[in-house]
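Q: Required output: the full structure, derived from the provided sequences and hints.
Protein chains in written order, with the working numbering: chain A, 1 to 299; chain B, 1 to 273.
If you're looking for bench data, these hints aren't it; they were derived computationally from the structure.
Mixed in with the good hints there might be a few duds.
Here are a few chain A residues that sit away from chain B, every Cβ distance over 10 Å (derived from the structure) [stated by the list, open to error]:
| # | residue |
| --- | --- |
| 1 | 64 |
| 2 | 65 |
| 3 | 119 |
| 4 | 126 |
| 5 | 169 |
| 6 | 183 |
| 7 | 231 |
| 8 | 239 |
| 9 | 240 |
| 10 | 278 |
| 11 | 291 |
In silico DSBU-like links for lysine-lysine, alpha-carbon gap of 35 Å or less [said to hold, decoys possible]:
| # | chain 1 | residue 1 | chain 2 | residue 2 |
| --- | --- | --- | --- | --- |
| 12 | A | 271 | A | 242 |
| 13 | A | 115 | A | 242 |
| 14 | A | 271 | A | 115 |
| 15 | A | 232 | A | 188 |
| 16 | A | 188 | B | 168 |
| 17 | A | 188 | A | 242 |
| 18 | A | 232 | B | 168 |
| 19 | A | 232 | A | 242 |
| 20 | A | 271 | A | 232 |
| 21 | A | 271 | B | 168 |
| 22 | A | 242 | B | 168 |
| 23 | B | 168 | A | 115 |
| 24 | A | 232 | A | 115 |
Which chain B residues stay away from chain A? Per the calculated CB distances, all over 10 Å, these [what the hints assert, rightly or not]:
| # | residue |
| --- | --- |
| 25 | 12 |
| 26 | 13 |
| 27 | 43 |
| 28 | 53 |
| 29 | 73 |
| 30 | 79 |
| 31 | 104 |
| 32 | 120 |
| 33 | 224 |
| 34 | 236 |
| 35 | 238 |
| 36 | 255 |
| 37 | 264 |
If you're wondering where the values come from, they're calculated on a predicted model, not measured in any experiment.
Every residue, glycine too, gets a C-beta built ideally from N, C-alpha and C.
Chain by chain, the residues:
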Amino acid sequence: MKTLSQGTIERSAESLIKPRPTVRTETAAPFASSLETEDAGASPVRTSAAAPIVTDHLSVWYGRQQAVFDISLSFPSTGITTVIGPSGCGKSTLLRTLNRIADEYEDVRYEGSVKINGIEILGRKGNLEILRSKLGLLLQRPYPLPMSIFDNVAYGLRLQGIRARSELADRVEHYLRICHLWHEVEYKLRGPTSALSVGQQQRLCLARGLAVEPEMILADEATSALDPISTKIIEELMMEQKERIGVIWVTHTLRQARRIADRAVFLYMGKLVEWGEAPDFFDSPREVLTAEYLAGAFS
Amino acid sequence: MRTISYIALALVLILLISLLWSILIRGLPLLDWEMLTKIPSGGFYLGGEGGIANAIIGSLYLAGGATVLGFFLAFLAVLWMHGGTNRDSRARRSFRLLATCMSGVPTVIYGAFAFLVMQAAGVRACLGAGILAVGFFVTPIIVRALDEAFLAVPNGLMESVLGLGSNKTRGLLTVAARQSVGGIVTALILGFTRALGNSATVLFAAGFTDSIPDSLSRPAASLPLAVYFQLSSPIEGVRERAFAAAAVLTVLILILSLTARFLERRLGRYMIR
Numbered sequence: 001m002k003t004l005s006q007g008t009i010e011r012s013a014e015s016l017i018k019p020r021p022t023v024r025t026e027t028a029a030p031f032a033s034s035l036e037t038e039d040a041g042a043s044p045v046r047t048s049a050a051a052p053i054v055t056d057h058l059s060v061w062y063g064r065q066q067a068v069f070d071i072s073l074s075f076p077s078t079g080i081t082t083v084i085g086p087s088g089c090g091k092s093t094l095l096r097t098l099n100r101i102a103d104e105y106e107d108v109r110y111e112g113s114v115k116i117n118g119i120e121i122l123g124r125k126g127n128l129e130i131l132r133s134k135l136g137l138l139l140q141r142p143y144p145l146p147m148s149i150f151d152n153v154a155y156g157l158r159l160q161g162i163r164a165r166s167e168l169a170d171r172v173e174h175y176l177r178i179c180h181l182w183h184e185v186e187y188k189l190r191g192p193t194s195a196l197s198v199g200q201q202q203r204l205c206l207a208r209g210l211a212v213e214p215e216m217i218l219a220d221e222a223t224s225a226l227d228p229i230s231t232k233i234i235e236e237l238m239m240e241q242k243e244r245i246g247v248i249w250v251t252h253t254l255r256q257a258r259r260i261a262d263r264a265v266f267l268y269m270g271k272l273v274e275w276g277e278a279p280d281f282f283d284s285p286r287e288v289l290t291a292e293y294l295a296g297a298f299s
Numbered sequence: 001m002r003t004i005s006y007i008a009l010a011l012v013l014i015l016l017i018s019l020l021w022s023i024l025i026r027g028l029p030l031l032d033w034e035m036l037t038k039i040p041s042g043g044f045y046l047g048g049e050g051g052i053a054n055a056i057i058g059s060l061y062l063a064g065g066a067t068v069l070g071f072f073l074a075f076l077a078v079l080w081m082h083g084g085t086n087r088d089s090r091a092r093r094s095f096r097l098l099a100t101c102m103s104g105v106p107t108v109i110y111g112a113f114a115f116l117v118m119q120a121a122g123v124r125a126c127l128g129a130g131i132l133a134v135g136f137f138v139t140p141i142i143v144r145a146l147d148e149a150f151l152a153v154p155n156g157l158m159e160s161v162l163g164l165g166s167n168k169t170r171g172l173l174t175v176a177a178r179q180s181v182g183g184i185v186t187a188l189i190l191g192f193t194r195a196l197g198n199s200a201t202v203l204f205a206a207g208f209t210d211s212i213p214d215s216l217s218r219p220a221a222s223l224p225l226a227v228y229f230q231l232s233s234p235i236e237g238v239r240e241r242a243f244a245a246a247a248v249l250t251v252l253i254l255i256l257s258l259t260a261r262f263l264e265r266r267l268g269r270y271m272i273r
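A: Following this line, the structure appears as structure tokens:
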């Protein structure tokens, strides 16, 4: 079975993310539940030792305006880390720095370091495509690609060089099933995504992102455009996914953060105020500012 | 305020309808098979036999060639404008301004410039020179139209594609281009119709002839010039016949615009809104 073309392996070898293509070829299963065999037996560890993403004194500027100030954090490889804070506190910038989508904005400048699996990603050009494919991105509202439902999920697979029709079909079905979308779209795979509800579209976007087997999911207020039922479905999907991949979830909604978080990070005006394990963070914050925010003194 | 806008609307409609009416009512009756398929025979411009096939074919050659050339150049330019990172956006903004200014340059300036270049190179007016000159004339127009089409692609869509691990160029070609397919068709048709209606540039660069060009190095006729030459005739009957050529030009552009609308709707099936 051809999971990754030779070309992809060679490209990953020089990539910024530690490549683990061998795992894929060794385990015959096309959809190995986890790429991280070393962690396979262990319970979901949430220590910084297992953290694949570590930021060290990270600062980000847009032109002369600084958006992120000196943030040192680590994100573990499983579980959900929520990033909370008032609007304009640098949550989205932090998220978009991790996969270097922030490069798309005007005059972006980084300082400090972001290491993913021990490899610095803020350096010179490097292979941003592989970096980004390893960090699945889920945005505020669904942005389906302007193509059929099937092609939406197949897009990332085709990028990875999978061309065989039957394999594409198998994988598309697999990821649609993971997102509990298969039975809803089974008979309109070739139809436009506009036939789907916003909630279904967001699940489609999740399926599309999972199809490239990311090692982390970056969710930027991924449910803020959704109705409560769709929100619940997305949250449940993420709870399933977090067992095998890490989720960094920027959210505006405190109640959502409480519901889903294994760990929480509180940013204020671009600065890191506090971070910690979930129940403690919400129940007994150390900082006054955090307590005030959690109590709803400001939002 | 509302009254004023209704009056303005009525004026525009009256103008448009009377324009179409006067051209079609005078031109269509004179359109027969001979007019469409025959080239001018001796003394056509003195009221003799023949038709305007030379101008129809010449115009289609010129506009077709110019649109292909212009679209090719414009598409590459727009890929540059929207590719890469945003860092050098000052260069991008300057280029956009330049294209906007250039799309406002009068056609006769392109004609005069082409004339100077051709004189220096020792080339006589011909189809090839016409296609080049008109191609350069429509390029900035197509650039602006394509640019607007790509600007309308939501940021989130591009972020999504890049997030999947696509590079920028591939994202632009496979996703942004699909999303803006309506705008791309519009840009093509806009370029073609502007090229079709161009008279001053082709006068200098392509010349005018009674025959249908059989190579790029032969001069080519065009519909706007056919209208002009017939209208400037002292003979009443020839002046009347100018409206036949004008009607052909109008109907061509009308058909193209309607085709564009149709294609937009067909190709835009998967567009996200």
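Q: Could you run down the list of hints and mark each one as holding or not?
A: Evaluated hints:
1. 64: holds, 15 Å
2. 65: holds, 15 Å
3. 119: At about 16 Å from chain B, residue 119 of chain A clears the 10 Å cut-off, so the statement holds.
4. 126: At roughly 13 Å from the nearest Cβ of chain B, residue 126 of chain A sits farther out than 10 Å, so the non-interface label holds.
5. 169: Since the minimum Cβ distance to chain B is about 19 Å, residue 169 of chain A lies beyond 10 Å and the statement holds.
6. 183: With a cut-off of 10 Å, residue 183 of chain A remains clear of chain B, as the shortest Cβ separation is near 22 Å.
7. 231: Correct as stated: the minimum Cβ-Cβ distance to chain B is 18 Å, above 10 Å.
8. 239: Consistent with the label, residue 239 of chain A stays out of reach of chain B, its closest Cβ about 22 Å off (over 10 Å).
9. 240: Since the minimum Cβ distance to chain B is about 21 Å, residue 240 of chain A lies beyond 10 Å and the statement holds.
10. 278: The claim holds: residue 278 of chain A sits with its nearest Cβ about 26 Å from chain B, beyond 10 Å.
11. 291: It holds; residue 291 of chain A is separated from chain B by about 34 Å at its closest Cβ, greater than 10 Å.
12. A/271 x A/242: With Cα atoms ~26 Å apart, residue 271 of chain A and residue 242 of chain A stay inside 35 Å; holds.
13. A/115 x A/242: The given pair, whose Cα atoms are some 21 Å apart, holds under the 35 Å limit.
14. A/271 x A/115: holds, 19 Å
15. A/232 x A/188: Given that 35 Å is the threshold and the Cα spacing comes to 24 Å, the pair holds.
16. A/188 x B/168: With Cα atoms ~29 Å apart, residue 188 of chain A and residue 168 of chain B stay inside 35 Å; holds.
17. A/188 x A/242: Holds, at roughly 29 Å.
18. A/232 x B/168: holds, 34 Å
19. A/232 x A/242: Holds: residue 232 of chain A and residue 242 of chain A sit about 15 Å apart, inside 35 Å.
20. A/271 x A/232: holds, 30 Å
21. A/271 x B/168: Since the Cα atoms of residue 271 of chain A and residue 168 of chain B sit roughly 31 Å apart, the hinted pair holds (cutoff 35 Å).
22. A/242 x B/168: holds, 30 Å
23. B/168 x A/115: Distance of about 24 Å is within 35 Å: holds.
24. A/232 x A/115: holds, 32 Å
25. 12: The claim holds: residue 12 of chain B sits with its nearest Cβ about 34 Å from chain A, beyond 10 Å.
26. 13: Given a closest Cβ separation of 34 Å, the condition holds.
27. 43: Nearest chain A Cβ is 57 Å from residue 43 of chain B, so the label holds.
28. 53: Its Cβ never comes within 10 Å of chain A, the nearest being 42 Å, so this holds.
29. 73: Nearest chain A Cβ is 25 Å from residue 73 of chain B, so the label holds.
30. 79: holds, 16 Å
31. 104: holds, 27 Å
32. 120: holds, 43 Å
33. 224: The claim stands: residue 224 of chain B keeps its Cβ more than 10 Å from every Cβ of chain A (closest is about 38 Å).
34. 236: holds, 56 Å
35. 238: Residue 238 of chain B is indeed farther than 10 Å from all Cβ atoms of chain A, at 52 Å.
36. 255: holds, 27 Å
37. 264: holds, 13 Å
In summary, the structure agrees with every hint in the numbered list given earlier.
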